[in-house]
Amino acid sequence: MMEETRILLRNVGNMDPVSVEDFRANGGFQGLENALSMPAQEVIDVIIASGLLGRGGAGFPVGLKWRTVRDMLAKQKFIICNADEGEPATNKDRILMSGDPLSLIESMVIAGYAVGASQGFIYLRAEYPYLFPVLRQAMENARQAGYLGKNILGSGVDFEIALVSGGGAYVCGEETALIESIEGKRGESRFRPPYPGVCGLYDCPTVINNVETLANISVILKEGAQWFRSIGAEDSPGTKLFTLCGNLNRRGIFEFPMGISLRDLIYDVGDGVCGGELLAVQLGGGSGPIISASQIDIAMELDRIGPHGVSWGAGGVMVINDSHDILDIVENTLEFFADESCGKCTPCREGTIQLLRLIRKIKSGVGRMCDLENLEELAEVMMDTSLCGLGQMSPVPLLSALKNFNEEFISILEGGDVLW
Numbered sequence: 001m002m003e004e005t006r007i008l009l010r011n012v013g014n015m016d017p018v019s020v021e022d023f024r025a026n027g028g029f030q031g032l033e034n035a036l037s038m039p040a041q042e043v044i045d046v047i048i049a050s051g052l053l054g055r056g057g058a059g060f061p062v063g064l065k066w067r068t069v070r071d072m073l074a075k076q077k078f079i080i081c082n083a084d085e086g087e088p089a090t091n092k093d094r095i096l097m098s099g100d101p102l103s104l105i106e107s108m109v110i111a112g113y114a115v116g117a118s119q120g121f122i123y124l125r126a127e128y129p130y131l132f133p134v135l136r137q138a139m140e141n142a143r144q145a146g147y148l149g150k151n152i153l154g155s156g157v158d159f160e161i162a163l164v165s166g167g168g169a170y171v172c173g174e175e176t177a178l179i180e181s182i183e184g185k186r187g188e189s190r191f192r193p194p195y196p197g198v199c200g201l202y203d204c205p206t207v208i209n210n211v212e213t214l215a216n217i218s219v220i221l222k223e224g225a226q227w228f229r230s231i232g233a234e235d236s237p238g239t240k241l242f243t244l245c246g247n248l249n250r251r252g253i254f255e256f257p258m259g260i261s262l263r264d265l266i267y268d269v270g271d272g273v274c275g276g277e278l279l280a281v282q283l284g285g286g287s288g289p290i291i292s293a294s295q296i297d298i299a300m301e302l303d304r305i306g307p308h309g310v311s312w313g314a315g316g317v318m319v320i321n322d323s324h325d326i327l328d329i330v331e332n333t334l335e336f337f338a339d340e341s342c343g344k345c346t347p348c349r350e351g352t353i354q355l356l357r358l359i360r361k362i363k364s365g366v367g368r369m370c371d372l373e374n375l376e377e378l379a380e381v382m383m384d385t386s387l388c389g390l391g392q393m394s395p396v397p398l399l400s401a402l403k404n405f406n407e408e409f410i411s412i413l414e415g416g417d418v419l420w
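At position 388 of the sequence shown (counting the first as 1) the number is 388 in this note's numbering, and the numbers step up by one without a gap.
Do not rely on the hints blindly, as some may be mistaken.
[As the list claims (entries may be wrong)] Mimicking DSS-like on lysine-lysine, the simulated pairs with C-alpha atoms at most 27 Å apart in a straight line are:
#	residue 1	residue 2
1	Lys150	Lys222
2	Lys344	Lys222
3	Lys185	Lys363
4	Lys403	Lys361
5	Lys75	Lys185
6	Lys363	Lys403
[Claimed, not checked] Pair ranges (Cβ atoms, derived):
#	residue 1	residue 2	range
7	Asp297	Val366	36 to 44 Å
8	Asp322	Lys75	57 to 65 Å
9	Gly146	Tyr267	44 to 52 Å
10	Met369	Gly272	32 to 40 Å
11	Gly184	Arg357	30 to 38 Å
12	Asp325	Glu140	47 to 55 Å
13	Lys75	Glu376	45 to 53 Å
None of these hints come from the bench; they were simulated from the model.
All residues carry an ideal CB built from backbone N, CA and C; glycine is no exception.
With the hints as extra help, turn the sequences into a complete structure.
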């Protein structure tokens, strides 16, 4: 197997995760010390120069998001760590929080200083209750050592972090629904604009980044923007955490530079397909596209995967062998999204149910050719008109399967057996 580039995972398994002494011995808090020695705007300039993109799938430049909040005139600003890792086939953030929580804390303090926020929140997935004591102990140890709380390292900078538990709703991974949940309301997406950077938590400017995105911050401030840009691809610098799962001989969470090919992830890192021949790969998690075996020679970087209608998403790589039925995979994902829709907007609330109904109609053998047109038309309407990413992205697995495995759908509709 090719050697990993362990930057975000460097401390995982190599130290007591809540020990400040162990963390400092491994270079911890040096990024924070460097940040506090420079003007706040310069910290943002470093992040912009690094080219760091958000690791949640959209790939928005992190420094630009921070600059928006920094430029807002407000008495209070907030930093939110989105740790509501609900995307199927991904659990990378869990590994970072359990194995290196102090890096997350350090990065959140840096973010707070950079944008002028004194309060942060970690919105933790309800299914990760065992991480609460780990994070609490790490925060307390950081506080006792002067890296969190009042007058951090004698700099006059104050920053505190509160832990908030999610309620098990997938939709709260969407940033505005997450904000509603923290405010004690029902987890439903907000209309935008205004965006959280302008009017977020309690109507204050708010930075929202996920765990993996924030984990890069302390490293960049420690090693420098040019060092970070030297890793990965030109338009997508740094590393990415990939969750390899499904029909693979080697499964797990691995860290490699941006630009690694999907073929290498499957056949080198994952040690090849088990139980049959490669049929398909679902990229990014449950809302990601389903691509065929002929499409795996793509590099995992923004300008290479975008034209293929592919996103790295949350880093999930679910490998599917030829013992599976593509329509079963599509039905399973649509059922998940129909269950998880918050119901606020009609396109998502009704659309997910109708997509599921049409797929089940086709699978039962009573579908018609016009059902394929209806599926595509409804899916496109959902993507154009849904309020948030849940409704906008839930048709992606279906549309990609219709494009890449069209013959399988046609074969069922014509009454023949699907040939793999």
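Against the structure, the hints come out as follows:
1. The straight-line distance between the Cα atoms of Lys150 and Lys222 is roughly 23 Å, inside the 27 Å bound, and the hint therefore holds.
2. Among the hinted pairs, Lys344 with Lys222 is inconsistent with the structure: their alpha-carbon atoms are about 43 Å apart, more than 27 Å.
3. At most 27 Å may separate the alpha-carbon atoms for a hinted pair to count; Lys185 and Lys363 exceed this at roughly 39 Å.
4. Taken as a hint, the Lys403 and Lys361 pair is honoured in the structure, with Cα atoms around 19 Å apart against an allowance of 27 Å.
5. For the hint pairing Lys75 with Lys185, the CA-to-CA distance comes to about 23 Å; that is within 27 Å, so the pair holds.
6. For the hint linking Lys363 to Lys403, the alpha-carbon distance of about 17 Å falls within 27 Å, and the restraint holds.
7. A C-beta distance of roughly 38 Å is found between Asp297 and Val366, which places it inside the suggested range of 36 to 44 Å.
8. Range check, Asp322 to Lys75: Cβ separation about 60 Å, and the 57 to 65 Å hint holds.
9. Judged by the Cβ atoms, the range 44 to 52 Å given for Gly146 and Tyr267 holds: they are separated by roughly 48 Å.
10. Separation of Met369 from Gly272 is about 37 Å and conforms to the stated range, judged on CB atoms against 32 to 40 Å.
11. The given range of 30 to 38 Å is respected by Gly184 and Arg357, whose C-beta atoms sit roughly 35 Å from each other.
12. Asp325 and Glu140 have their C-beta atoms about 51 Å apart, which keeps the hinted 47 to 55 Å range intact.
13. Between Lys75 and Glu376 the Cβ separation comes to about 49 Å, which falls inside the hinted range of 45 to 53 Å.
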